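Protein chains: 4
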Amino acid sequence: MLKVAVIGATGAVGQEFVVALNKHKWFELRQIAASERSAGKKYVDAIRDPNSGILRWHNREEVPEYVRNMIVSKVQDIKPENFDLIFTALESDDAQTIEPKFAKSTPVISTAAAFRYENDVPILIPGINDNHAELLNVQRKNRGWKGFIAPLPNCTTTGMAITLKPIQDKFGIEKVFMTSMQALSGAGRSPGVIALDIMDNVIPYIPKEEEKVQVETKKILGTMNAGTIKSTSFKVSCTCTRVPVLDGHTETVFVETKSATEAEDVKKEMLKFSKNVTIKGLPTAPKDYIIVHDDPTRPQPRIDREINDGMTTVVGRLRKDTAFDNGVKYVLLSHNEKMGSAKGAVLLAELLKDRNIL
Amino acid sequence: MLKVAVIGATGAVGQEFVVALNKHKWFELRQIAASERSAGKKYVDAIRDPNSGILRWHNREEVPEYVRNMIVSKVQDIKPENFDLIFTALESDDAQTIEPKFAKSTPVISTAAAFRYENDVPILIPGINDNHAELLNVQRKNRGWKGFIAPLPNCTTTGMAITLKPIQDKFGIEKVFMTSMQALSGAGRSPGVIALDIMDNVIPYIPKEEEKVQVETKKILGTMNAGTIKSTSFKVSCTCTRVPVLDGHTETVFVETKSATEAEDVKKEMLKFSKNVTIKGLPTAPKDYIIVHDDPTRPQPRIDREINDGMTTVVGRLRKDTAFDNGVKYVLLSHNEKMGSAKGAVLLAELLKDRNIL
Amino acid sequence: MLKVAVIGATGAVGQEFVVALNKHKWFELRQIAASERSAGKKYVDAIRDPNSGILRWHNREEVPEYVRNMIVSKVQDIKPENFDLIFTALESDDAQTIEPKFAKSTPVISTAAAFRYENDVPILIPGINDNHAELLNVQRKNRGWKGFIAPLPNCTTTGMAITLKPIQDKFGIEKVFMTSMQALSGAGRSPGVIALDIMDNVIPYIPKEEEKVQVETKKILGTMNAGTIKSTSFKVSCTCTRVPVLDGHTETVFVETKSATEAEDVKKEMLKFSKNVTIKGLPTAPKDYIIVHDDPTRPQPRIDREINDGMTTVVGRLRKDTAFDNGVKYVLLSHNEKMGSAKGAVLLAELLKDRNIL
Amino acid sequence: MLKVAVIGATGAVGQEFVVALNKHKWFELRQIAASERSAGKKYVDAIRDPNSGILRWHNREEVPEYVRNMIVSKVQDIKPENFDLIFTALESDDAQTIEPKFAKSTPVISTAAAFRYENDVPILIPGINDNHAELLNVQRKNRGWKGFIAPLPNCTTTGMAITLKPIQDKFGIEKVFMTSMQALSGAGRSPGVIALDIMDNVIPYIPKEEEKVQVETKKILGTMNAGTIKSTSFKVSCTCTRVPVLDGHTETVFVETKSATEAEDVKKEMLKFSKNVTIKGLPTAPKDYIIVHDDPTRPQPRIDREINDGMTTVVGRLRKDTAFDNGVKYVLLSHNEKMGSAKGAVLLAELLKDRNIL
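Protein chains in written order, with numbering that gives the first Met the number 0: chain A, 0 to 357; chain B, 0 to 357; chain C, 0 to 357; chain D, 0 to 357.
Since the hints were made in silico from the structure, they are not lab data.
Do not rely on the hints blindly, as some may be mistaken.
In this list, chains with the same sequence are indistinguishable; a pair is considered to hold if it fits within one copy or across any two.
[To be verified] Computed cross-link-like contacts, DSS-like style, restricted to lysine-lysine with a CA-CA straight-line distance of at most 25 Å:
(1) Lys207 with Lys319
(2) Lys319 with Lys234
(3) Lys217 with Lys207
(4) Lys319 with Lys257
(5) Lys22 with Lys286
(6) Lys229 with Lys40
(7) Lys319 with Lys217
(8) Lys266 with Lys207
(9) Lys169 with Lys271
(10) Lys267 with Lys22
(11) Lys319 with Lys286
(12) Lys207 with Lys169
(13) Lys2 with Lys271
(14) Lys279 with Lys169
(15) Lys234 with Lys257
(16) Lys22 with Lys103
(17) Lys217 with Lys78
(18) Lys145 with Lys267
(19) Lys274 with Lys229
(20) Lys78 with Lys352
(21) Lys274 with Lys40
Predicted, not measured: the structure shown is a model, and the values here were computed from it.
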């Protein structure tokens, strides 16, 4: 059993970590840390809003027994050398200063954006760009660390990169236009989206989101060569919006391919990719990596987000595009807090351990 | 005063007609008709749901006094020759058979799709393609009618066509990708979207909607020449979704232009177009035809839909596109039941009267 | 295995029946029936809305494999003598004529109101008034039927009657005031609550609901004596409202007791009752019959409705009342489609079989 | 023109003050103050959320022109002697220390709870207990202040007290049971209700709310005598909940009266009271003080909250109670931020000026 800590354990993403690590076969959660406000409290008290008295717990499962009475530590009281692995769910500013301290001694798997865009840092999606993981060794050497920082992509990038990968491999990609309709639970910063802002409404803007998705997608689908990642040359353009949905990011995608393609062929490639994906057999891996619906009314976030416990990317409305000479369009759904965040991070940890990088 | 009738007066669009015609300067609503179920009842009773007892009235204003006790007629009891103009808010199947009967004697302005795609039928948006109105005379001649059928576009087409027009005129257009997040009140067929289907959800499909928007946009922005409309040659690709918003269709638009352009230039063109739009001074014309927000969090449907009583197309997030060499992207909001439907139809009637076509 | 049929299998309640009977230990679902519109179709096609194309399926679980391709029969094609038991989920008008035909040969467990108020018909809640079941024999004799009609209460009655029972037994009851905040899925009649009616809203009225709850509660908690049920003498007053919640009826209850009582004592009685409830061990019986929360922010419908798969009545905010000399007030949550409807009906069937009444 | 200041001008209630004072006939808003975070900013910048970039403005009207660029002061920079009247919209803790400082020189009308329960402080609802205003003179003398503190009741108290008053006057009251379904905008503390907490949910608890409503109602409807208020002797019991509604508190009320009464009589008394209410003619007074609907589906918050610009208490479902020997039950709706808060405070100021108490 590897000894792990979760930093930022009280927020929405941190809560998913706590659930994902419950009775985990390989990882034992030994310590949790969060902000000053929470430190010293029992976990179950730290996640209760002091004004309304409401337990800020957003999982379908109850707070797991094993963590209810665990005392929340201050971040600065974490001794990284005590752990084999540290998961972080921090705001980017905090991650910027805290993660390198941990990485000196210990591998860090992070959901924050702070290091994603550095040259010796891969952005890993298990099953999509596993070979980029070798950059972690470059990073170790570069920085003189025993550990490393391995960030996940933004939760809005994940589903898109996963569905583009089989298209890129078979048909090549020229351009991608994506519009996201993002769920409330994806709004990182505490306290989250205010009900008065979003009920009966759409917010057409999420600060910095589009730039992240555009850059990350190209890096993830780029090529690893001689110790560097070269981003793909295709173009990506996004508009990211927030909608009144609890969980699950819905995205409409328009893809121009290099070679001619029919929707049916793309479906086949997606399913083939899903069937042969590298992560099969890892503890957190889903039965289906990608599902493609023929029912045009799917995916729907409320209906489809919990399929395979939120680890499957669900595709629907796959059809020939009407504006590109070669291209398809489709709608995808990805659970922003499961595959797109904490559970995806745990899956990454499993992959790295399986490959002896951890 | 022109004598007018409204057919389909009890539905969501019909209700907007009844409000738009309240105390109208030029039009007097003399008769209302609806389905068998409603016929013979007072208007205010006909719009009450028999099961729940709820008044199905979706306007911020109360049911106007003048129409509360008006008796709803059967459609077949309407004598078209008694009217100078008939507004119809019918399902497409019904429109197919009913509208031609009326048009023999009387001009019909329709919100239905039934005749939009016929060669001698223009799809008119006041201020955008007024010159297409001359096709109505061709239609009269062709069909031997004293009246005509003048359909509005689908409510999802309206805002997009309005915002594309100044871009087309100045920069030329190559391709358009659009994703809509459509409001509940836009679902035409009675009884509308079921709460259990849409709460905490997005429905990624609206039957036939995308095809309509794609074809209509090109026809509206096409050229009138020698008695026919030639659709524009640019390509349009849409994905239409339903979101839990009461009123107001939000659309994200990515436009490839023929010539290089900056967002700032497009903004200028939109505002110039708005300022000089042909419909200024008509009773139902808004103060602003297009508003362009610099605030990146706008437009929001709940906040912006009622601006200028729902007759303004609100644009925001106008910025250079990152995937097209030449192009911009933006978000727009259009009130699907006001400018996009009944009030847009009344505005069209005003235009046609002003040009002596009515 | 008893052979069972479900009548009204396509509606919200019918869907819960289909789920509750999936792999049931004692009951085998052999035939399903629904309205003309659905008859002859596969189940999975019959529950799809023809206009929007949306699958009208409101369960967290997928449509069970065993029923997906089962052909929906017409109600009149059901031969009751082929079944050991028939579950019905019908509108009251239909139940009025259909259920007696079935009951001639076969026991009927019904979610409809049609027969609830007749003298020889008990309204049964398993665990609350099991002894009323003997009235079914009276009914058989009276009516010359081999079967019987055993209706469940209205879904709003269930949670209230369950929580009042231990209070009544120990402290006696004088008066009850209840306000319900009912979920969307409880609106029986197709197609259910329209999104435009309920979003950002409360509907303060549900036709006939309050009368049902008032009468049923008194009958359920009445005494069985010499072949008749005498309703309790305490007074009940309700106001029933609809709120924008998918599932789970929340109710605020104010109870005047005969003897002095503290909230702590009522809690003890509820928990003792829950522990000793008669239905323990039946296949569909929950681990907890009643849960009492000390956390004042519970119960919440979204958080608590699925506890023990929707079969537990969840109580919170139990405190001394401030207007009655003797009394308490509390909030309860009951899953309107599980314990309050189809799954409660299956539990009742299990009880009746266990007692050899089936 | 009286010179006024608004303290706490950036919050939801403060925003209503700013709207209510726009172009006011008698009051000129000269200065606005808010927390440190906002001080020094233009009003329109101070109300923008720094994380999401969203303008936190919750009024149907745009931010009034006159206040957009007004600079927000620190509270401690307010010189009370410069004003004829100060409106405060503060958290109770802050009100406790700030309001007495202001009151030394200047009348304060407050929406905070801090002083409501003190002996020499009336809780005033214009039109209901105007005579309690004389206690303000007692207060002045007691405390040696030139000004005074005149708090409004909690927004949940207002509608109930208004509707109970005509019942109390004519029939006498023994007991009241009330359940509230409160809107999101009524949650005072910044930042308000989190969308993840309330979507598809009901929160059955609002800290301290019930105690406030119970005590305040009895004080407001109490008798003024020899310089003190004696609370009424009737009993009040409440359960207060939060529902996913933007604005407008819905309350179900069960009233036991001293004398026998029919619903029809209560309706008459309410309408008579409304017609003769003392506040007629004041600038902010509504056309109707109370409206009583016969339509059982009313009041609905989304439909009825803006009637008479949110200053009318809307009653429906008025009927004989079924548990009390003498009594009625009904549903009421009161706009929590208009009559129940800022606009009610402005109406109170108008009344006090009209009576020469200001």
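Quiz item: Which numbered hints are broken by the structure, listed smallest first?
Solution: 6, 10, 11, 12, 13, 16, 17, 18, 19 and 21
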